[in-house]
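Letter by letter, the chains look like this.
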Amino acid sequence: MIALLTDFGTRDYFVAEMKAVILSIDREAAIVDITHEIPPQDVRTGAFVLWRAYRWFPRGTIFVAVVDPGVGTSRVPILLRTRGYFFVGPDNGLLSLAAEEDGVEEAYRITAQLPSASSTFHGRDVFAFAAALLSKGVAPSYLGVRIADYVRLEKPGAVREGGSIRGQLIYVDRFGNIFTSIGEKIIKEIAEFGDKLCVNISGKIYRMRLLKSYGYAEAGEAILLINSEGFLEVAVNGGNAAERLGHRVGEPVEVYRC
Amino acid sequence: MIALLTDFGTRDYFVAEMKAVILSIDREAAIVDITHEIPPQDVRTGAFVLWRAYRWFPRGTIFVAVVDPGVGTSRVPILLRTRGYFFVGPDNGLLSLAAEEDGVEEAYRITAQLPSASSTFHGRDVFAFAAALLSKGVAPSYLGVRIADYVRLEKPGAVREGGSIRGQLIYVDRFGNIFTSIGEKIIKEIAEFGDKLCVNISGKIYRMRLLKSYGYAEAGEAILLINSEGFLEVAVNGGNAAERLGHRVGEPVEVYRC
Amino acid sequence: MIALLTDFGTRDYFVAEMKAVILSIDREAAIVDITHEIPPQDVRTGAFVLWRAYRWFPRGTIFVAVVDPGVGTSRVPILLRTRGYFFVGPDNGLLSLAAEEDGVEEAYRITAQLPSASSTFHGRDVFAFAAALLSKGVAPSYLGVRIADYVRLEKPGAVREGGSIRGQLIYVDRFGNIFTSIGEKIIKEIAEFGDKLCVNISGKIYRMRLLKSYGYAEAGEAILLINSEGFLEVAVNGGNAAERLGHRVGEPVEVYRC
Numbered sequence: 001m002i003a004l005l006t007d008f009g010t011r012d013y014f015v016a017e018m019k020a021v022i023l024s025i026d027r028e029a030a031i032v033d034i035t036h037e038i039p040p041q042d043v044r045t046g047a048f049v050l051w052r053a054y055r056w057f058p059r060g061t062i063f064v065a066v067v068d069p070g071v072g073t074s075r076v077p078i079l080l081r082t083r084g085y086f087f088v089g090p091d092n093g094l095l096s097l098a099a100e101e102d103g104v105e106e107a108y109r110i111t112a113q114l115p116s117a118s119s120t121f122h123g124r125d126v127f128a129f130a131a132a133l134l135s136k137g138v139a140p141s142y143l144g145v146r147i148a149d150y151v152r153l154e155k156p157g158a159v160r161e162g163g164s165i166r167g168q169l170i171y172v173d174r175f176g177n178i179f180t181s182i183g184e185k186i187i188k189e190i191a192e193f194g195d196k197l198c199v200n201i202s203g204k205i206y207r208m209r210l211l212k213s214y215g216y217a218e219a220g221e222a223i224l225l226i227n228s229e230g231f232l233e234v235a236v237n238g239g240n241a242a243e244r245l246g247h248r249v250g251e252p253v254e255v256y257r258c
Numbered sequence: 001m002i003a004l005l006t007d008f009g010t011r012d013y014f015v016a017e018m019k020a021v022i023l024s025i026d027r028e029a030a031i032v033d034i035t036h037e038i039p040p041q042d043v044r045t046g047a048f049v050l051w052r053a054y055r056w057f058p059r060g061t062i063f064v065a066v067v068d069p070g071v072g073t074s075r076v077p078i079l080l081r082t083r084g085y086f087f088v089g090p091d092n093g094l095l096s097l098a099a100e101e102d103g104v105e106e107a108y109r110i111t112a113q114l115p116s117a118s119s120t121f122h123g124r125d126v127f128a129f130a131a132a133l134l135s136k137g138v139a140p141s142y143l144g145v146r147i148a149d150y151v152r153l154e155k156p157g158a159v160r161e162g163g164s165i166r167g168q169l170i171y172v173d174r175f176g177n178i179f180t181s182i183g184e185k186i187i188k189e190i191a192e193f194g195d196k197l198c199v200n201i202s203g204k205i206y207r208m209r210l211l212k213s214y215g216y217a218e219a220g221e222a223i224l225l226i227n228s229e230g231f232l233e234v235a236v237n238g239g240n241a242a243e244r245l246g247h248r249v250g251e252p253v254e255v256y257r258c
Numbered sequence: 001m002i003a004l005l006t007d008f009g010t011r012d013y014f015v016a017e018m019k020a021v022i023l024s025i026d027r028e029a030a031i032v033d034i035t036h037e038i039p040p041q042d043v044r045t046g047a048f049v050l051w052r053a054y055r056w057f058p059r060g061t062i063f064v065a066v067v068d069p070g071v072g073t074s075r076v077p078i079l080l081r082t083r084g085y086f087f088v089g090p091d092n093g094l095l096s097l098a099a100e101e102d103g104v105e106e107a108y109r110i111t112a113q114l115p116s117a118s119s120t121f122h123g124r125d126v127f128a129f130a131a132a133l134l135s136k137g138v139a140p141s142y143l144g145v146r147i148a149d150y151v152r153l154e155k156p157g158a159v160r161e162g163g164s165i166r167g168q169l170i171y172v173d174r175f176g177n178i179f180t181s182i183g184e185k186i187i188k189e190i191a192e193f194g195d196k197l198c199v200n201i202s203g204k205i206y207r208m209r210l211l212k213s214y215g216y217a218e219a220g221e222a223i224l225l226i227n228s229e230g231f232l233e234v235a236v237n238g239g240n241a242a243e244r245l246g247h248r249v250g251e252p253v254e255v256y257r258c
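Protein chains in written order, with the working numbering: chain G, 1 to 258; chain S, 1 to 258; chain V, 1 to 258.
Note that these hints are calculated values from the structure, not bench results. Incorrect hints may have been included.
Here are some, though not all, of the chain S residues that point toward chain V, as calculated from beta-carbon distances under 7 Å [claimed, not checked]:
| # | residue |
| --- | --- |
| 1 | Arg174 |
| 2 | Lys212 |
| 3 | Ser228 |
Chain G is nowhere near these chain V residues, computed Cβ spacing over 12 Å in every case [claimed, not checked]:
| # | residue |
| --- | --- |
| 4 | Leu5 |
| 5 | Ala53 |
| 6 | Pro115 |
| 7 | Val151 |
| 8 | Glu154 |
| 9 | Tyr171 |
| 10 | Lys212 |
Keeping only pairs whose Cα atoms sit at most 30 Å apart, straight-line, the calculated BS3-like set for lysine-lysine is [stated by the list, open to error]:
| # | chain 1 | residue 1 | chain 2 | residue 2 |
| --- | --- | --- | --- | --- |
| 11 | G | Lys212 | G | Lys155 |
| 12 | G | Lys136 | V | Lys188 |
| 13 | S | Lys204 | G | Lys136 |
Note that CB positions come from ideal geometry on N, CA and C, so glycine has one too.
Hey, can you work out the whole structure from these sequences and the hints?
Okay, structure coming up:
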């Protein structure tokens, strides 16, 4: 099974050509799209989505991730073999949150490429090609050379200082729900469902209820949830929190009882 | 075969996680996307699209539909076994137009869920999980308990009073074509292809030709068609009828000879 | 394998119904989406994307392409058997760039259709149906009648006059990169990577570097590339060239040393 994550969108031929290369080599490959709507060149968002999604896939899945502003320059194409999976993509941190969590066992610089390889479309010419060969059972050592290190992104996290927890905004989903880097475990140290909490985002202070689900909020109420990924989330019931509150990924957030 | 319909969009990891859960349980499952672009929380539009699409799928297809504003509250996850299919989703009417038409034979409240089930993502934790088990041949009685009733939406329809037919606007497609709830059979009682008809939408009156296809209209002409789903449709040749005429789903419509 | 290209979008049930028809006839069919986001009724863009994508697919792939402003009129549904592939779609030029390049061996007017065929959705009722039967091994001669000719679009190209090359803008991708009809071979006759070139688009003159990849440009610099499809491309590093420079498909372009 090969799972794809890119910022290529679905309106051009980019993703189709990647799939066609894979299926030309391994006609039996089951290809699953994670998403192709990562914001263009937003490596951090790509890494976050891959990190959340990979864990649900069957062991042995080959992930091909391409958010690649440095394509065609000296940035290296890599292949990471982890305890349960393979990750293929550019060495810019995109693979790192997922691969590090699962546990990297071997890292390779990919040397395999299509004979007609271009300088600007490694998604097709390098990554899809290498993934298809992996899928056919070709060992990583035939596709590249071992490397000692690769680029890592910092894992989103939060710190508690007394009754206050500090983190940052890390993701906004299609519904406008704002994910913070504050995890379920740390927030439960200071609050329970039903509590009112103060939320300071970039100096703007809100008071919100921590609820178990959207459905318990009033229509239009801004609330806090532990979302399905285990993060503290700011949501507006039936509305778009990111638009209504005017916040973006990267802003600092502090949560405390008040 | 498992067919998915949601309002999750394709830019996040939601759909991918549903597919990953399914494929982790049933690696052989063929997954087909109906659409993930139902307007957020628009249960009625979701029900309409599922109703139109289900009939074309092979018998035995398992439909997983998730447009679920009440997730995590007391609304119940259900499984409907119909004459030809299985329908899995929230008990808010979403499944009802399709399932009722095919003929419901058994209804279940789903009790199965992933061990780590969240309160906000039943698409993954309940519905995808139950569908995958169904797909592996697990009987519905192992996935939930029989229930006597479930939420039903009213089926779109129209009434004739003399030479006039009343209905409502029920759907706008990507091209801006406006579907009415007026069916082919009833419109043919009062008109033939080539006739001019008056169309009163929310008090605004248009005079349009009833044509067999877009291609017979003048460029930019607003026309009436019997569309491929068998509904009377308002279309603009080469244009967007919904934008140009300024109408929306839910408005009343009356058609009569004039 | 069946590959789909349409302007139907993914928010309605159109594509799902096509897939359902295919899978109802050939449950083993592997269906790949090329794209469903061709701009509505833009036959030329559809033809371009199909032309670029088809070559990467395994031999024997059946392409179903539907961008079809003339549906339901006298325009004919066709099936082209080429040296390596099958192409199914409307006879409006959509298939021609790809099929002509691969080499057309037989052309058919399709007569097969679903018993309940509509006048407005040949994607489902004619093209998907014919493709599924082809996929099951039904010979083209059972699906239609031989025809001598079909509609052809002009292949994008460029002409050199001394040190100047003239062509046109033929495509804008998701990132805003502007493809010209000027190919790698002809541009290399007058320039090398690193050269500065003048680019005259509709009378607006730019001076840009011809670079090997986006990554070698300054942030925000407008540059020329040979893209992964072998065309000279105008790009802005980290930006959207089409928006920033304000150009569109169809405009004339001239490139010369200066």
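We went through each hint and held it up to the structure:
1. Arg174: This hint holds: S:Arg174 lies near chain V, its Cβ roughly 4 Å from the closest one there, short of 7 Å.
2. Lys212: holds, 5 Å
3. Ser228: holds, 3 Å
4. Leu5: violated, 8 Å
5. Ala53: violated, 4 Å
6. Pro115: holds, 32 Å
7. Val151: At roughly 22 Å from the nearest Cβ of chain G, V:Val151 sits farther out than 12 Å, so the non-interface label holds.
8. Glu154: Holds: least Cβ distance 20 Å, greater than 12 Å.
9. Tyr171: violated, 8 Å
10. Lys212: Non-interface label on V:Lys212 violated, nearest chain G Cβ at 5 Å vs cutoff 12 Å.
11. G:Lys212 to G:Lys155: Roughly 26 Å between the alpha carbons, so the hint for G:Lys212 and G:Lys155 holds.
12. G:Lys136 to V:Lys188: violated, 38 Å
13. S:Lys204 to G:Lys136: Violated, at roughly 63 Å.
When held up to the earlier numbered hints, the structure conflicts with 4, 5, 9, 10, 12, 13 and fits the remainder.
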